[in-house]
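Q: So you can see what is in the structure, the chains are spelled out below.
There are 4 protein chains.
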Amino acid sequence: MPTEIKGLNEECGVFGIFDAANASQLTYYGLHTLQHRGQEGAGIVSTDGTELYQHRDRGLLAKVFADPAELKRLKGNAAIGHVRYGTSGHNSIANVQPFLFHFHDGAVALAHNGNLTNAVTLRRELENEGAVFQSDSDTEILIHLIRKYINEGFIPALKKSLNLVHGGFAYLLLQKDRLIAALDPNGIRPLCIGRLENGAYVVASETCALDIINAQFVRDVLPGELIVIDKDGLHIDHYTTQTQLAICSMEYIYFARPDSIIHGVTVHNARKRMGKLLAKEHPVDADMVIGVPNSSLSAASGYAEESCLPYEMGLIKSQYVARTFIQPTQELRELGVQMKLSAVRGVVKGKRVVVVDDSIVRGTTSKQIVQMLKRAGAKEVHMLISSPPFKFPCFYGIDVSTRSELMAAHYSIEEMRQLIGADSLNFLSINSLIKAINVPDAGDAPNGGLTVAYFDGKYPTPLYDYEEGYRKSLSEQEQLARKG
Amino acid sequence: MPTEIKGLNEECGVFGIFDAANASQLTYYGLHTLQHRGQEGAGIVSTDGTELYQHRDRGLLAKVFADPAELKRLKGNAAIGHVRYGTSGHNSIANVQPFLFHFHDGAVALAHNGNLTNAVTLRRELENEGAVFQSDSDTEILIHLIRKYINEGFIPALKKSLNLVHGGFAYLLLQKDRLIAALDPNGIRPLCIGRLENGAYVVASETCALDIINAQFVRDVLPGELIVIDKDGLHIDHYTTQTQLAICSMEYIYFARPDSIIHGVTVHNARKRMGKLLAKEHPVDADMVIGVPNSSLSAASGYAEESCLPYEMGLIKSQYVARTFIQPTQELRELGVQMKLSAVRGVVKGKRVVVVDDSIVRGTTSKQIVQMLKRAGAKEVHMLISSPPFKFPCFYGIDVSTRSELMAAHYSIEEMRQLIGADSLNFLSINSLIKAINVPDAGDAPNGGLTVAYFDGKYPTPLYDYEEGYRKSLSEQEQLARKG
Amino acid sequence: MPTEIKGLNEECGVFGIFDAANASQLTYYGLHTLQHRGQEGAGIVSTDGTELYQHRDRGLLAKVFADPAELKRLKGNAAIGHVRYGTSGHNSIANVQPFLFHFHDGAVALAHNGNLTNAVTLRRELENEGAVFQSDSDTEILIHLIRKYINEGFIPALKKSLNLVHGGFAYLLLQKDRLIAALDPNGIRPLCIGRLENGAYVVASETCALDIINAQFVRDVLPGELIVIDKDGLHIDHYTTQTQLAICSMEYIYFARPDSIIHGVTVHNARKRMGKLLAKEHPVDADMVIGVPNSSLSAASGYAEESCLPYEMGLIKSQYVARTFIQPTQELRELGVQMKLSAVRGVVKGKRVVVVDDSIVRGTTSKQIVQMLKRAGAKEVHMLISSPPFKFPCFYGIDVSTRSELMAAHYSIEEMRQLIGADSLNFLSINSLIKAINVPDAGDAPNGGLTVAYFDGKYPTPLYDYEEGYRKSLSEQEQLARKG
Amino acid sequence: MPTEIKGLNEECGVFGIFDAANASQLTYYGLHTLQHRGQEGAGIVSTDGTELYQHRDRGLLAKVFADPAELKRLKGNAAIGHVRYGTSGHNSIANVQPFLFHFHDGAVALAHNGNLTNAVTLRRELENEGAVFQSDSDTEILIHLIRKYINEGFIPALKKSLNLVHGGFAYLLLQKDRLIAALDPNGIRPLCIGRLENGAYVVASETCALDIINAQFVRDVLPGELIVIDKDGLHIDHYTTQTQLAICSMEYIYFARPDSIIHGVTVHNARKRMGKLLAKEHPVDADMVIGVPNSSLSAASGYAEESCLPYEMGLIKSQYVARTFIQPTQELRELGVQMKLSAVRGVVKGKRVVVVDDSIVRGTTSKQIVQMLKRAGAKEVHMLISSPPFKFPCFYGIDVSTRSELMAAHYSIEEMRQLIGADSLNFLSINSLIKAINVPDAGDAPNGGLTVAYFDGKYPTPLYDYEEGYRKSLSEQEQLARKG
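Going down the list, the protein sequences come from chains A, B, C and D.
Note that the first sequence ends on residue 484 in UniProt numbering; no numbers are left out.
Note that the second sequence ends on residue 484 in UniProt numbering; no numbers are left out.
Note that the third sequence ends on residue 484 in UniProt numbering; no numbers are left out.
Note that the fourth sequence ends on residue 484 in UniProt numbering; no numbers are left out.
Identical copies look the same in the list; a pair holds intra-copy or inter-copy alike.
The calculated lysine to any residue pairs, modelled on SDA-like cross-linking and capped at a C-alpha distance of 20 Å, are:
1. Lys63 with Ser92
2. Lys63 with Glu40
3. Lys374 with Thr364
4. Lys72 with Ser92
5. Lys159 with Gly130
6. Lys349 with Asn214
7. Lys176 with Phe133
8. Lys317 with Arg375
These are computed hints drawn from the structure, not numbers from a lab.
Please put together the full structure from these sequences, using the hints given.
A: Written as structure tokens, this is what we have:
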């Protein structure tokens, strides 16, 4: 779960509801549980069957809807909502979703979790045909495509468009009389369907958003599906049958809330199993196991259980916003991480400590955690990572799209250990990761139905616009490796 | 740690530093770690040896100092800071500390953690002599007393005044050339001294505030002490020798950060021992142990360890501000707690669950936790409380000063169990609580140097202004008991 | 000048500058003098020759740029700015100009003063061809048209587009290497060119924006012209030669600042002459002349001079924002106007007063002025209006586009007098209005080069999308007249 | 009226009302008309007969009460309000009035317009007796004095206190059951009584505040009076009989609103007579007369009428907040004044212009006005000031308390003319000023019942704490004069 310490950010969460009183309020509660998927912007569009109403702004959900009048203004029995992560350079309000488009033949709202791999090409083609884009977001491409084919009717135009966009995507669309959901052909991003007691349908990125409004889980949206919810109920359709499950493994490792259930797997349980398998692969002679709060606590407790070492609270995380200032001295600069994490001296002093973390991105936080524990008196610090080395970028919606920032892309494990300052450093194997998650309905999909490209570089789809840059970075890497 | 779910609130944290560059920035970092002691206001007063500079406002520290210019304005090498909890009715900026008073013979700033038991009497006397109070806070009384005796000199006037105020108090005072700290004769509130590498002294409510700025712990401030820090260093003085240690046991049970060390005891370790002793006193035949995050996780892990039951993450706490609105329906109203806490269905479903919580105040949260777990499929829910029943109010700085709101003051344990809906309910004994904390330097002080009046009604000091109301509530209670 | 008391609102002011250091700051100052043309939003787009930078928001200029960092962020030597009036329903930030559009072949910013008469038709056509609009504003149409023809090159596409949009318009466009201005074929909205000492060119809605930055007036932009300013200087081009001057007479009567010079006529002088001719047409036996501040003071002084009556300050206008609240009683509700205007009792008591106002729109303010003066003791109140009765809506950029709200469209002058409660009521004739303004370069254009359609219903252009509604309202009016 | 261009600031306006529904709303409207007397802070205290409710903050009234809930919270049928001007250094919220003091024997609110001349001495004495002040304001002294003598009863203690404070003051006090007003023995600040139709009494700094709520003027409060308004009506009492009228002449010249009537004199009429007498004393051969808006327009029209020269609008004032930024260049820095004032080129070009201004403080604005008019083409600029040279500071509530900033204290009229760059410069004589104002109930008070010390240095009261500094500045001045 983000607002974590490392720089790994999901790109969004979505929520939609149809035919429920207080639709926008329920959407607010749903988005609250999805806040970990995006903290830089939030918005809701609702409809009362006649008009569509929008409110969106930069910042956390609670800030965006600080004035209760804003939520009250979003009338009607259907709504979609979005929480957004976005890169800082283009963090304008124009990029905050859901987008709302007005046409003389009816308004459409659009929310998107994921990332397209052919966005640059599509946008250039559309602009050459006269299109005027209002945002930097690749999300907007879908609506331009739909309008290009609108004469064929909305749903046919949408299906055609969904076959033209490539990459990872979970879309929600709202019109005055229906809610539409669509998932990419590999099901890279999670998306599930729930139902309220009164029969209203809900669609959300994670099941925790169903739980908060006491909706019953119905089923996951499957790759290539197009779900239409209107006054006649839920209609399951497909825009393509060329599908193969490849869920983003990072959802299980890091992003999703521990209480969410994705494709039948409770995230906390998957993480605990990662910790157990990690203990089997890399046992350590130590006095205790601690986890890096909050996302690594499940894996740490698994490691402790399997290794029969005591599970202790050796690091605590502040629950308050840490805000550092332009720092005059190096001394003050280092306080940044300490404002978020503290070592518990009375626990770790004089001990050999196993620290379980879920991943290493740039390595800077790991280094600070080791320093912090040693300063608090730890005799040995063993770093155990409950996922494989993160070597290859993600092009499907995680904010790591160049290799240059990935520590594991540049260093061997031993080099990483030295840089971090740990007494030992080990990672979970790809096989154990797949075994720990164990998606029940994966069938014979490769890698147990998971995308593990971040660890082995084998992407489940072509990379399109990213292909060239990626190949270039790989060859630079090889040259670097040869030199090194 | 507060912003917890139950309505139990500390009244403040203090931090002071003398002779350090960036004094106000270091104070900001120190206050950040003390934020759990008060979230309704924050402030800092600094001095450059000539003038005193103040900034304070309502809200969290990060909001109060959102504009970095405010911190930069607080020039100088010495500062004191304060985070405040306050009852809603009088949450005006005039009550946010540190207070800053300007006199023609020099300015004084004042910050206070605690509560006076003779404030009403003292204020009435002072007003009858012409005093004009600017706040509702009992903190202001000290400065009026000092000024009453100012002709005797500042320190003598302060000592005389400290002998006139009664109750629990940890005061910090700042003048242009010195920092002063004083603790009540029972040491009810924690206060410790630390030192930076460059020799600068620090005084803070908890040791976690020393850790963040890499200050070494020097010693706790002892009951009755008056500490003066000036350009010649640290001077330890007393305003009284009639002292006896009676630290607030609630600091260990609930308030303090787990990484803080109070009178030699690491809070996390004390809590873990409470959990272990609880398991010895009240073993349960169950499948797992879970804690109510975040303050009860230490005790839960102790219970699990002692009982050899698996320690699981069955409840998770949202790390985002939960903001509910005026609710149109009962359905929506219940979402309030669910926005803060969620049960992990995939963990508790079909299981017999031990839930460890640190205390029961009104009982409303406990009831909702039981409901939440049962709705997520738990077969049995056993509530184990790692402290004795909270029956008597606190007059020394916790925001519970009437018995009417305390569930345990009105019901038997069995009645409480039924109201909460748990399958069983048990509490830690007072003896085990004292044994779990085990203050090493308590000597022969009663109750191992702890205040346990919240559980047995035996207060370590006279109650003064509260005496009459308290007796009355007790006798009403007895009458109620006789009727019942 | 608006923020006046009556509900008559201009729709925008524009300012552009090319090749000047601090371009965005100079634009800020220019917009400050144009603030009377729009108070609901403001924005600036600048360019440093490489990128375009935008800041815009709802509210007054000083609020939008309250944080000086925003202006500093708008780097470069060229900029365009806009102040906006907009109807409340669609006052979203998406409608605040200048708009900024990013294309793979370069960004374009756009600002617009005026109103298109064929916007609905054009938008529908464009949407049917796949266009996605981001705002409700008719301004956006131009960029969609340009992109439709972009393969012919930017300037040819722009010229073609300017021939497709109809109505009143003054456009500014900014690209990374040039500033472009275009005026409609009737020159309905004012637009002038100035030059700084260092040679930088400036384009602005009114000359007051040149004065504040000490730019020399060069010439007015003429109907049908396309002005391109780039590193090689100023280029004057045409997109059409089918032009005929028909400046909006309301600019002289009410909108423009008195110190602005439009087509050679100083606005204050024109107004003073309106007052003089009004005195000739409608002399009154009275004790003094007073004007309704601020827009009618020029005309009032002209009336006083011509009639040899003393010119007095009988009404004063508060210079502070008047903010009324939801009013519990009728008594409080009437305070609204009194917060903006006050009668000077010591001046008008016992006197026969001529009140000169520039126009009557709905009549409500006129009624309150008469009441206010009578309550202050005026013996007689004679209302003299320095323009003809406002009977027909404006489709070129004034916020009155239906007849229903125009008092003079529904009542005779005598009926209006009774409703207002004045002792007499008279208006300036159309002929005198034309004579008072007396545009020197009008040539043989009808009505002396002015649009006086608001008074005689004879519009200088076809009405396109408004035609049908206008005809309908006229015939309803006639039926009403027949009944009445 | 301030927010004028020159740096001359009043120190506050007060308003009180007793026994009227919506008391705080009526106070809001009253304060709106007094906003010109103070723009740096505003506040209201109301009472419902039981408790007192306060809201106050820095900034303009409309900003302070931007949230309508704040006004609604101020319940009850009685209220007092205050608008404040304050020097920047101490512009903390603690200094914003009305002050509200809570005592065990009842709360008191206090608002003050004026300045005490013995504040430093009184405060030092009180502090030596134990008093703790909460603000830097001299206003707070009164409440400390009252509390010192409170055992004698509130009204006797108040009367004794009013005899101990010296200088210029108009106080309003509010208790839960009465409203009290008191004026200094010279009546330096204006204060008047009005009555609503329903019988409720109103007290306000100026009559314009009565007009807006349709209250009838009853009478001015007279020097030395103590007015008590309670459920039995209005009681007129005295705290001293040693009185002599000496109203601040600056109220008539500059501060008060033109529609206010002070001691029987309409401010606009007084100003117009100043202009007429100025024309008699200093006729000029010119083409037109213009005034510096807004405060000098009345005097300018008087000058024009007397001299039979046309009265023109040669300068216009922007009605929008001018906000300048930290300026990179001298060129931009000069824009500051131009954002507030503009010359009307089409009016003054080629003309000999008489500019009437009400006063010269530092002379910087006068210089810029002359430059602006000459740049706009004026052939000659004759500066005529409708008051005598401002040579001596004010100690009674105008923000000019040192001579160093007064241009006329350092230069001869001819030197001033040269510095300003005018073709001629002349001032009204003290005698004509007194004649122009002509207070009817002045009796045989010196200077026609006016304080004209700013012009002749003869103060109507001893200067107490200011005496020494003033004498020193005078002698430095003389030495300077001898050298020069």
